[in-house]
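2 protein chains.
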Amino acid sequence: MMRLSSPQKLVPTMLAEYGAATRALLSRYLPSHEPRKYLYDLVADYPRRGGRALRPSLCIATARAFGGRLEDALGSAVSIELLHNALLIHDDIADESERRRGKPAMHIQQGLPLAINTGDAMMVLSFRPLFDNRYSLGPNLAMSILEDAERTSIESAEGQALEIGWRRDNVVDLHEADYLLMVLKKTCWLTTIYPSRVGALIGTGGGIDLTPFVRFGYFLGTAFQIQDDVLNLIGDEASYGKELDGDIHEGKRTLMLIRLLERAEPDEKSRIVELLGLPRRARTAEHVRWIRSRMDAHGCIDYARQVASSLVGAAQHEFSLLHSYLPPSRDRQFIEELITWVIERS
Amino acid sequence: MMRLSSPQKLVPTMLAEYGAATRALLSRYLPSHEPRKYLYDLVADYPRRGGRALRPSLCIATARAFGGRLEDALGSAVSIELLHNALLIHDDIADESERRRGKPAMHIQQGLPLAINTGDAMMVLSFRPLFDNRYSLGPNLAMSILEDAERTSIESAEGQALEIGWRRDNVVDLHEADYLLMVLKKTCWLTTIYPSRVGALIGTGGGIDLTPFVRFGYFLGTAFQIQDDVLNLIGDEASYGKELDGDIHEGKRTLMLIRLLERAEPDEKSRIVELLGLPRRARTAEHVRWIRSRMDAHGCIDYARQVASSLVGAAQHEFSLLHSYLPPSRDRQFIEELITWVIERS
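In order, the protein sequence lines correspond to chains U and L. Under the working numbering, the first residue of the first sequence is numbered 3, with each subsequent residue one higher. Under the working numbering, the first residue of the second sequence is numbered 3, with each subsequent residue one higher.
Keep in mind that the hints were calculated from the coordinates and are not lab data. Check each hint, because a few of them may be wrong.
The list makes no distinction among identical chains, and a pair is therefore deemed to hold if it is satisfied within one copy or across any two copies.
Stated by the list, open to error - Below are the DMTMM-like pairs computed for lysine to aspartate or glutamate, each with C-alpha atoms no more than 25 Å apart in a straight line:
id	residue 1	residue 2
1	K39	D269
2	K11	E276
3	K39	E98
4	K39	E178
5	K254	D43
6	K39	D247
7	K271	E19
8	K271	D43
9	K105	E264
10	K39	D74
11	K11	D247
12	K105	D74
13	K271	D150
14	K39	E152
Remember, it's a predicted structure, so these values are computed and weren't measured experimentally.
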């Protein structure tokens, strides 16, 4: 059942609460020694710019909903946030994004070589809290979480490979199933699957089958990604923190673009393929506006929203299977409200 | 005592032997599933181009010299080689290198976004054999090696930050101590310190103080790096596999360049600083030749070779302290001969 009318004040409240707890511990994992100017000041930059803390909050809330303690989940939450920020730096380079969280992207501010290196360092630093897990969670649970971190990083790299490969080679013979597989890998594992799985591992002390969390996280994370792509087209630039319509400019294979390629008339499609095949710098604002107008003409944004809405329904079903035997709690309520929040946020 | 006259046939023989063993297991750690074209074919590319296998061989030989078994060190050797190749991909981007091991560099062949992502994936894949270590070495030793891998990756990132930061900001107020610190971090940890430490951990089952290996690896690795930089100036392009004089073109802060900046006359120095401050593409072959001629005029290459030779002597001393109580073995002999090999190879 969709519950789009719920007030959902709990989501921003708890994102703020768990986000603050995560940032407090995260700052203790950031080295403060030299080299500062060329490394550790840069490592601290993206995390200090803020962000919603969705991933660490989902990890902590899942751990608590399953009976775990905040302090046992916090290190893993920090690790997730560090890994997320590391990948953001590299993604911004790959996407030629100029802005991140309302400021110039790392490679614009510091140059490409230092940006790549900073992302590398953050990926490595994201392992430290997971090593430290063995003191609170024991060696076996710590190793299970490490292996899930490794799996997640590989899934992310596979998804990123598909996305940038399709763009590089101007692959246009793509269908919804291709998009869903790419998003499962690139977005869902890091954003929803892994945080839920790690939370459940910690909450249950390792005594739980993690497979259903792949389904739950897939439905939730895909709805989240579609909404993110929709906001790139219709959002408010100031609150979005990135360039509006930037995805079209980048030639990013969003659900809307794939839908457009499927629905366009032959001559329309040829023109779209031609524009997508231009080097990024040759793609003008007028080209972008025209592609955007074709998306509107074929109802691609409405279609994407319908898909996201169905995915939210599926995520709610998976949630009820996973959480129905758990006692009611603020954390359980948070996760339930988060499911609709992902497509209602702006 | 320098033993420059030893025949040293053992070094190429054992590099070939341990290199082959490492490559055989490494290939089993390379995923063969999709996405191949945009990820796993690329992951396999640099390792398949060959390379000397210095790092994995030092790891295996140290493990065996300290009483361990080849099969117990092989996974860690694979991990070291994967991490090394991952960093090569990112280094080639940062250095704008066009060739690697006689072929176009990854970012030239595949484009920047896929090259960054491939390096990321390989860094993550380098952890898998270290996770698997727990089955053969037990959880505690496996975790110690993981922590040394993390330390090494961070040291490498710190060294890389210094090197590219100095170049980006055209830092010229540098002295030999700055160079040595940068090389300790960027080269020695991954090339000599970490392989020796992991080998000794495996050979002794964890019962050894690892501190002396930092000294041994520092002396050996720095001699290795200086020789590498010298070969960039005087080597044979075909066997070197990279562009000759490329370091000067890149403005790389080698010992020769730092020595030149220290020894140059004021007007000569101003000109060098000016040329180093040009964007890379504005630095012509004539500029490079002129800087190179100034290095010759001030005996910078001879000086660097003297430093490397002294470091080899220091490494031999540390070697004798570390290995004198061990029984003679082919592996011990290999490491001893490796010390002079690093500055005699061409």
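Going through the hints against the structure:
1. When the C-alpha separation of K39 and D269 is checked against a cutoff of 25 Å, the pair qualifies neither within a copy, at 53 Å, nor between copies, at 30 Å.
2. In this homomeric assembly, K11 and E276 never come within 25 Å of each other (Cα to Cα): the closest approach is 46 Å inside a single copy and 59 Å across copies.
3. In this assembly of identical chains, the alpha carbons of K39 and E98 lie at most 25 Å apart whether taken from the same copy (24 Å) or from different copies (22 Å).
4. Taking the closest pair of Cα atoms, K39 and E178 come within 25 Å of each other only across two copies (20 Å); inside a single copy the shortest separation is 45 Å, beyond that limit.
5. For the homomeric pair K254 and D43, the shortest alpha-carbon distance between copies (23 Å) is at most 25 Å, but the shortest distance inside one copy (31 Å) is not.
6. Proximity of K39 and D247 under a CA criterion of 25 Å is satisfied in neither setting, with 34 Å inside one chain copy and 29 Å between copies.
7. Taking the shortest Cα distances, K271 and E19 never come within 25 Å of each other, neither inside one copy (47 Å) nor across copies (56 Å).
8. In the homo-oligomer, the alpha carbons of K271 and D43 never lie at most 25 Å apart, since the shortest distance is 46 Å inside one protomer and 31 Å across protomers.
9. In this assembly of identical chains, K105 and E264 lie within 25 Å of each other by CA distance neither inside one copy nor across copies; the values are 36 Å within and 40 Å between.
10. In the homo-oligomer, the alpha carbons of K39 and D74 never lie at most 25 Å apart, since the shortest distance is 33 Å inside one protomer and 40 Å across protomers.
11. In this assembly of identical chains, K11 and D247 lie within 25 Å of each other by CA distance neither inside one copy nor across copies; the values are 29 Å within and 62 Å between.
12. In this assembly of identical chains, K105 and D74 lie within 25 Å of each other by CA distance neither inside one copy nor across copies; the values are 33 Å within and 49 Å between.
13. In the homo-oligomer, the alpha carbons of K271 and D150 never lie at most 25 Å apart, since the shortest distance is 41 Å inside one protomer and 54 Å across protomers.
14. Proximity of K39 to E152 under the C-alpha cut-off of 25 Å is restricted to the inter-copy arrangement: shortest distance 21 Å between copies versus 29 Å within a copy.
Hints 1, 2, 6, 7, 8, 9, 10, 11, 12, 13 from the list above are not met by this structure, while the remaining hints are.
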